[in-house]
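Asker: Fit chains B and C to the given chain A structure using the hints.
Residues per chain are reported as follows:
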Amino acid sequence: MARPLSFHEDRLFPSDPATRSYARGLYALVKDLPIISPHGHTDPSWFATNAPFQDATDLLLAPDHYLFRMLYSQGVSLDALKVRSKAGVPDTDPREAWRVFASHFYLFRGTPSWVWLNHVFSQVFGFTEFLEASNADDYFDRITAALATDAFRPRALFDRFNIETLATTEGPHESLQHHAAIRESGWGGHVITAYRPDAVIDFEDERSPRAFERFAETSGQDVYSWKSYLEAHRLRRQAFIDAGATSSDHGHPTAATADLSDVEAEALFNSLVKGDVTPEKAELFRAQMLTEMAKMSLDDGLVMQIHPGSHRNHNVGLLNSHGRDKGADIPMRTEYVDALKPLLTRLGNDPRLSIILFTLDETTYSRELAPLAGHYPVLKLGPSWWFHDSPEGMMRFREQVTETAGFYNTVGFNDDTRAFLSIPARHDVARRVDSAFLARMVAEHRMDLVEAEELIVDLTYNLPKKAYKLDQRPDWARPATLRAAAE
Amino acid sequence: MARPLSFHEDRLFPSDPATRSYARGLYALVKDLPIISPHGHTDPSWFATNAPFQDATDLLLAPDHYLFRMLYSQGVSLDALKVRSKAGVPDTDPREAWRVFASHFYLFRGTPSWVWLNHVFSQVFGFTEFLEASNADDYFDRITAALATDAFRPRALFDRFNIETLATTEGPHESLQHHAAIRESGWGGHVITAYRPDAVIDFEDERSPRAFERFAETSGQDVYSWKSYLEAHRLRRQAFIDAGATSSDHGHPTAATADLSDVEAEALFNSLVKGDVTPEKAELFRAQMLTEMAKMSLDDGLVMQIHPGSHRNHNVGLLNSHGRDKGADIPMRTEYVDALKPLLTRLGNDPRLSIILFTLDETTYSRELAPLAGHYPVLKLGPSWWFHDSPEGMMRFREQVTETAGFYNTVGFNDDTRAFLSIPARHDVARRVDSAFLARMVAEHRMDLVEAEELIVDLTYNLPKKAYKLDQRPDWARPATLRAAAE
Amino acid sequence: MARPLSFHEDRLFPSDPATRSYARGLYALVKDLPIISPHGHTDPSWFATNAPFQDATDLLLAPDHYLFRMLYSQGVSLDALKVRSKAGVPDTDPREAWRVFASHFYLFRGTPSWVWLNHVFSQVFGFTEFLEASNADDYFDRITAALATDAFRPRALFDRFNIETLATTEGPHESLQHHAAIRESGWGGHVITAYRPDAVIDFEDERSPRAFERFAETSGQDVYSWKSYLEAHRLRRQAFIDAGATSSDHGHPTAATADLSDVEAEALFNSLVKGDVTPEKAELFRAQMLTEMAKMSLDDGLVMQIHPGSHRNHNVGLLNSHGRDKGADIPMRTEYVDALKPLLTRLGNDPRLSIILFTLDETTYSRELAPLAGHYPVLKLGPSWWFHDSPEGMMRFREQVTETAGFYNTVGFNDDTRAFLSIPARHDVARRVDSAFLARMVAEHRMDLVEAEELIVDLTYNLPKKAYKLDQRPDWARPATLRAAAE
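Protein chains in written order, with our numbering: chain A, 1 to 487; chain B, 488 to 974; chain C, 975 to 1461.
The following block holds chain A by itself, in its conformation from the complex (with noise of 0.2 Å):
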């Protein structure tokens, strides 16, 4: 007999009895409100197809590198968890996967993985026992059954989900052709494209000659000479803007940032081109594109989004044996006030540019980070990010960030999530996590009781709608409410 999921109504607030009053009053103000995911990695072919999504381990495990990394780091092999490696998927049973999983569910206490999955489980599943190995197969079986059933298709759950807008993220070299039939499908969904260029910008990536082919393609530009690149990156954006984006989104090791003279430029670009690149090379021309982005931001308007600091397949044998993205991504030491140095003196000033900074590294939130957003008008501080993405690490964010940068250059939470299903729960624990910040703040005689309540509601919603400037919806967009009504 499994114990009883109590996933408690009051969870994630502090036990004090006056903070946690207050908590629970700033939370009921925004737990209804409608979700904004303005920075995600869910595929959108679910949302263009809509067809139903296959069996437990096939969407809530075998996809998911913050589950499988912990149960590898316990000596659990990838194959039993139906992971796939560079010779396909592993032919493992996925009941046999899912059992392994719901053996090793103690693993996750006290991370956050155990809190979204008890969100799924008990808030879209409806399950009313901890997951355990005993009750493993009345799990898979309850959630395979319920994902046939079209309450369960990616559209249905968008709408249950109450999901406003939600972004999904895409290379230039890549067709935006989901979107287009999101569009053209008359559902009315809020999805939306970014911008992310990495691809073709990082010649240390072993993707890069590929994406460059695709590139040529998608932009009908010549990509290997230095003025038709950039067209092509601008014509690559508008394409992108006419999807519906309103941000573009930079992954690179470092935050470095260069502003090379034109001249300059070209001559780094064509020696790349031509095969001649060293690691210095690499990130001066990387450095230099956050740059060329920002000058092309001028125009378009695209938000920025700068994420440095991973060292990504960190492990060797991993990365030969199954490929990128399995959970071996490290954070490293990151600097941003000589690496931003270059783009702010050009442009740090303009009012036409707006870039969200992200870390993995939390020395910079009070050090550097804070410190630049209060006080360049062109920067913002995007919330605490992966890792980072916690009940802890959020509470860390807002007091090492707030005394120096406030709330208001700060947008909001992102999800970040490819898993689709996981994202109510992400953004419940952003709001219960604020709400709990700023009760504190209230029951310390830190803040007006009146100022924490437009805090949240600026926290959950007004801020990402605003900082991603997404407050107007596309003719073809349609609220859920319209939707549901249609139907």
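Derived by calculation from the structure, the hints in this document are not laboratory data. Given the structure is predicted, the values throughout are model-derived calculations rather than measurements. Warning: the hint list may mix true and false statements.
Said to hold, decoys possible - One side of the interface only, derived from the structure: several residues of chain C facing chain B at Cβ under 10 Å:
| no. | residue |
| --- | --- |
| 1 | 981 |
| 2 | 990 |
| 3 | 1302 |
| 4 | 1365 |
| 5 | 1370 |
| 6 | 1431 |
| 7 | 1435 |
| 8 | 1436 |
| 9 | 1439 |
A virtual CB, placed ideally from N, CA and C, is assigned to each residue, including glycine.
Answerer: Coordinates of chains B and C only, in the frame set by chain A:
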């Protein structure tokens, strides 16, 4: 109708009733103790001339980079706030500037400025409504009217604020005329100076040539020759000591120290004086001068303060248009263990020397500073500084420093401010946060209440007096009570 | 009349009543569990000879650098505390030294030493008044008298402290005679060793030449030839395993690892042995030897412990007068992601290897260590260490590590101490802080109480036994209950 300004008597105390009760009791022991302000940047001419302050904008807004940097970060122009540029003070109507400030006051939610300003508004000026757009004019008028009265002249406020000692900061190239005037005025307020020689030590500072010229005048020495350059320092240090100084103050980019031979040091100086300035040589000279200053302290007893780690005037556009110190100083990663070793190897065990270290890089609290101060007899730790002079920042300082360095290797609070009216507010915050920290220690049975009671008085009053050698007033300085009786 | 020493049963528990109640309940489950001490620095001769300890100063003060570093930082001379210098033990009256300590005991307020010492005073010696100048003699006399009794001999205390396993640390060049004596004595206390080869790996350590000589003797190998140097390690590791060792221990300046070819490694070793020592070559050799040790672990199963980041003996004057290990070790910024990559690329996925990482740089908890341990099967995280072995330090460890690495990639508590009497105090603090952390999780509904109950037992007892492979006692070791029955 604006919201009532309820500035609660329990502000900044933890909400848990037991802890709050201890905090109240501890705070009650120190809330009326005199203010010791051993490190700050108020203008000594205020106390020398005792001329009235001008208006709300001129006193509270335009000179305060904490305030205008936040508004600037949100797109408000400095001209609209009447902040001086290189072209002079903008002719903005001060009332209009105040209105802009009032309508953006919500930006300061969650920041220490919110606490400080509401303290000033309610406790110094008696306002009972929160500042907002609707009452901006009322605020402006009442503040400006109050400032015209004798009760709001600098000396009257000094007495009302119960300041026992206030240190300003001057350079060796600057006159101490205002301090002389204060001393000779018969007023009796204990306003002293501190010796800050950065401008005649940092050959990379563009103000350095003019400072050297004036240093030659104030010292009567050939400051372009190494031996008389050092003699000029010795003479000016003594003049500062005669004007009450008990400390020197060193704001270098890094904490680097050096221990060159006399021959090496002289050669380095000669090279720099001849204009052969490279970043490496300028850095080495700053490093060597910290050791030279320490050697002079052995003889004259000045306490050294070292606070490295700020990238000054990071915003190049703003530096060009508005000059230095416009809220664009950004902290950098800072290293102490290797940097201080030359000086500590030379003098680290000398009982005649006392060095107070500050940081803008909070990661050094537990890793470097507390271990250093918990071992070396010459080292003590200054309070959380600048961006970290805030409730969360102060609490992090105590939490991260105390377990290794204890309380008695710290030196109490520094307000470090040029915002004279905020001095009581800042000291009040420090007293409250220390009370809250000690209250938690007591509530968690990690300290006896008797010990906490001794400590709160030590942290507030005894430690700063001892660390800054302020145990004795000079003959010309008299307590406020005597000054009041004399009037 | 000194204050009563009220060492409260709720110490270190949060004040919030609901949280405290959970903390009490969790702590009750583990407070009487046996102590597993898999990493420490007690002297095995104590347990081999079972000779009585001498007096309060000799046992508690003079050898404890946590204590005398704090007093030294406040100007107390080491001679006054009877701390051994290069000239020998000062002839200070031990009672006088104890009086100096007592009159400065207030310096330890807020530090873990305060908690540990008051635990020892009240729980081990039965004092009921806080130590202060007025009762210094009473403390000295009563402690010294107690130490002369059989109940305070090392083995009796070992039993009374309910220690199940205690590991000491020896070098490969050192004899294991005391461990042999313990094993053969019939006493049955499970005192084991750990393999710490730093002195024969670090060519920059001035003790290295003498250590190599002794290494040749203990191993019977030509340790100046690469292949037999490695063989000497293999032989000594096996001898340590025979003396109960389950782990090796590596205290390097950095976490650097290398993976040289055999030819490169041999050439490097030959060059160093010939005396051609540069910092770069010494560092590379240390780096390579971590990989060599890991390779040997594949065969012999020793768990590797790596704890980098201390600048040893920073105070040059004190090193000259008093020698090493006098409280002047200062942590440095430490990097793991690049540093460990060579070793992890070679062996990071090998199920035969287990590495426990420690740090003195808390910034690496959430940025580097938790992400590494939350992915690599060979990595686990040691507890907060040295300066961070403290209530706040332990809490930061849990708060910053758990969300990414979970609990099961950590290994429970290490006391890491040579202060034998403080071992129960230190483990008690860890149990209380873990109880407090878990209590908050439960009170905030982030974990089920049943899970927290399982976890507190795992963190206290099961994880260290498993991580250090202490699941089985050897034949010669018997539980304290059996030893007691036998007497």
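Asker: Each hint: holds or not?
Answerer: For each hint, the structure was consulted:
1. 981: Holds, because the Cβ-Cβ distance from residue 981(C) to chain B comes to roughly 8 Å (cut-off 10 Å).
2. 990: Holds, about 5 Å.
3. 1302: holds, 5 Å
4. 1365: holds, 7 Å
5. 1370: Hint holds; residue 1370(C) Cβ to chain B Cβ min 8 Å, cut 10 Å.
6. 1431: violated, 23 Å
7. 1435: violated, 25 Å
8. 1436: violated, 27 Å
9. 1439: Violated, about 28 Å.
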